[in-house]
Amino acid sequence: MVMQHVSGADRGRVVLYALSTCGWCARTKELLTALGVGFSYVYVDLLAGEERDRVVREVERWNPRLSFPTVVVDDAKVIVGFREDEIREAVGA
Amino acid sequence: MPDPASDGEVDRFMSDLASEAEAGGYHLNPDREFTRGLVRGLLANRERYGYISCPCRLASGNREDDLDIICPCDYRDPDLADYGACYCALYVTADVEGGVRAADSVPERRPPPGERRRQKEERALAGVAPGTLKYPVWRCRVCGYLCARSEPPETCPICRVPRDRFERFM
Chain A
18 MVMQHVSGAD
28 RGRVVLYALS
38 TCGWCARTKE
48 LLTALGVGFS
58 YVYVDLLAGE
68 ERDRVVREVE
78 RWNPRLSFPT
88 VVVDDAKVIV
98 GFREDEIREA
108 VGA
Chain B
6 MPDPASDGEV
16 DRFMSDLASE
26 AEAGGYHLNP
36 DREFTRGLVR
46 GLLANRERYG
56 YISCPCRLAS
66 GNREDDLDII
76 CPCDYRDPDL
86 ADYGACYCAL
96 YVTADVEGGV
106 RAADSVPERR
116 PPPGERRRQK
126 EERALAGVAP
136 GTLKYPVWRC
146 RVCGYLCARS
156 EPPETCPICR
166 VPRDRFERFM
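Protein sequence lines correspond, in order, to chains A and B.
Taking my numbering, the leading residue of the first sequence gets 18, the next gets one more, and so forth.
Taking my numbering, the leading residue of the second sequence gets 6, the next gets one more, and so forth.
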């Protein structure tokens, strides 16, 4: 399984696509953690081969620029970048 | 996964980057902890790919395809001009460094993968550059330094004078 899970309040299916080297991805992960929201995350730069290709296609479907962090809530709401207000609003926190 | 860089390596590299930046009229983000994280990311990418690609972008591992995101990336200067910081925020403008204003959030300027593939094919087909200028040419009125880009640099990298000493040359 590619995704790591952080347990917390159920605010829908919250997925964070991130890079392990990126400061804004780190801030996004810290924010979600601080908000106490349950979420899954994956460091796309640490994947390889078919697994990476599959996740890259998944990110591109939500965010064609393939930029990070990309947060997807309930397979519907997409937030690109560390946009604190938008992330708070999307997870209702 | 290769071994992560030691704190000593990170500090040394950050100090080198800061000296180079200041010598060229650029500034590292004064938020030291945040910047250390980015520098750690640059070193991780150097270990992985052999070059310091942007810590906030997904590198392909193919140097030719990643040339535009090797730090300092092709997008740093326009992002500094428009937002006061580069995309990952390793570099900031003088007024952001000095706390006069905060950097804006920087949207991704790099074209999406499909567009980059198309541009690459176009470049291969185009071959020789056309006769018209793609960018204006700016001249430093103090030292004569010329550069072809959308706007003059914040500080002349040669003689250190500010942007308002530049004039449109071509």
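Rather than coming from a laboratory, the hints here were simulated on the basis of the structure.
Bear in mind the structure is a predicted one, so any value in this text is a computation, not a measurement.
Hints are supplied without guarantee of correctness; some may be wrong.
[Stated by the list, open to error] Distance ranges between label pairs, derived from CB positions:
(1) B/LEU151 with A/SER57: 18 to 26 Å
(2) A/ALA65 with B/ALA99: 46 to 54 Å
(3) B/ARG121 with A/SER57: 24 to 32 Å
(4) B/PRO9 with A/GLU47: 13 to 21 Å
(5) B/ARG146 with A/HIS22: 56 to 64 Å
(6) A/GLY53 with B/ASP87: 32 to 40 Å
(7) B/ALA107 with A/ALA51: 18 to 26 Å
(8) B/PRO9 with A/HIS22: 33 to 41 Å
(9) B/LEU151 with A/ARG78: 40 to 48 Å
(10) B/ALA99 with A/VAL19: 21 to 29 Å
(11) A/SER24 with B/ALA153: 32 to 40 Å
(12) A/ARG71 with B/ARG146: 28 to 36 Å
(13) A/GLY55 with B/PRO83: 53 to 61 Å
[To be verified] Listed next, the in silico SDA-like pairs over lysine to any residue satisfying Cα-Cα at most 20 Å (straight line):
(14) B/LYS125 with A/ARG82
(15) A/LYS94 with B/LYS125
(16) B/LYS125 with A/PRO81
[Claimed, not checked] Chain B regions said to be covered by chain A (calculated; three or more residues, Cβ under 8 Å):
(17) 10 to 19
(18) 36 to 48
We put the beta carbon where it would ideally sit given N, CA and C, even for glycine.
message: Going through the numbered hints above, which ones does this structure break? Give me the numbers in ascending order.
response: 1, 2, 8, 10, 11, 12, 13, 15 and 17
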